[in-house]
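Enquirer: As a plain string of letters, each chain reads:
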Amino acid sequence: MASVTLVRRIKARPATVFDAFSTVEGLTSWWGPEDLPLLSAEADVRVGGTFRVRFPTSDGSVHECTGRFLDIKRPELITMSWQWTMGGEPTERGRTSRLELHLRPIVDGTELTLIHAELGEDAGARSHGRGWDGALNKLIETYTTSEAGS
Amino acid sequence: MVKYHSSLDSTFAALSHPTRRAILTRLERVDGCTVSELSQFLVIKLPALMKHLDVLANASLIRRFKESRTVTVRLSSMPLREAKNWLHRYQRFWTPRLDRLQAYAEAKDKR
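Going down the list, the sequences are from chains X and E. Quick note on the numbering used here: the first sequence kicks off at 1 and runs consecutively. Quick note on the numbering used here: the second sequence kicks off at 1 and runs consecutively.
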């Protein structure tokens, strides 16, 4: 199954980053996108509690992701389930994926690792089973980079 | 959120064969190969090559141009760009949000 991992070094305490992701005040302050305000947010940060964010995108559509907190260790770990309950990724509708946030203290702040896992068995994974050897990804990267800006 | 073409299926299906990827990789380096050049380069018989070119053309990954008796094959980029967007969709979802989360958290701790 597909997953995406992003790592960030943030000059703020792990607790600040943790709260930014797990409180309505925090979520409303950064979720976006751009300058579009959230339509609603809910974050009941305890195991089994609900996470819900409803937001517009610049094309005028409205999206909502809903999840449940599965594991909470303030300020080092948030694990939650993730579903698109409005809009979102067409290929992910009706599926549940998992979001993990690992927060590790570093010298000048926090190393945040975001893992969005258990994303649907996508076309990429399917073609992998048929012998896609990673060359495709490289090909796509090379070709689309060499003509960047066009 | 990006809207994805239903053509993604045909793109990935077309890309799932090593010979077809080899054709695209060759065209990526030398755009505008003739069919006979491709056949020589890949050491593949013409009828087999033509079948693969049909699949690639149906997925709009290549275009064929005929001049007198010579067919030239060129890569077309749109399906590959769409495939890239699709592969990177969650990265594209989270990256700008983490940018803002970072800015917010850093500003908050500075106060």
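Simulated from the structure, these hints should not be mistaken for lab results. Hints should not be assumed to be uniformly reliable.
What the hints assert, rightly or not - Think about it this way: if two alpha-carbon atoms lie no more than 30 Å apart in a straight line, the pair counts; the simulated BS3-like pairs of lysine-lysine are:
(1) 108(E) x 84(E)
(2) 73(X) x 51(E)
(3) 66(E) x 51(E)
(4) 11(X) x 66(E)
(5) 73(X) x 84(E)
Claimed, not checked - Anything over 10 Å on all C-beta distances counts as not near chain E; from chain X, calculated:
(6) 4
(7) 8
(8) 12
(9) 16
(10) 26
(11) 29
(12) 33
(13) 37
(14) 39
(15) 69
(16) 72
(17) 96
(18) 102
(19) 110
(20) 119
Said to hold, decoys possible - Covered, in the sense of this in silico footprint (three residues per stretch, anywhere, with C-beta under 8 Å from a C-beta of chain X), are these stretches of chain E:
(21) 46–52
(22) 85–92
Just so it is clear, the structure is predicted and the values come from calculations on it, not from any experiment. Don't be surprised by glycine CBs; every beta carbon is placed ideally from N, CA and C.
Enquirer: Output the numbers, in ascending order, of every earlier hint that fails for this structure.
Expert: Hints 1, 2, 4, 5, 6, 7, 8, 9, 10, 11, 12, 19, 20, 21 not satisfied by this model.
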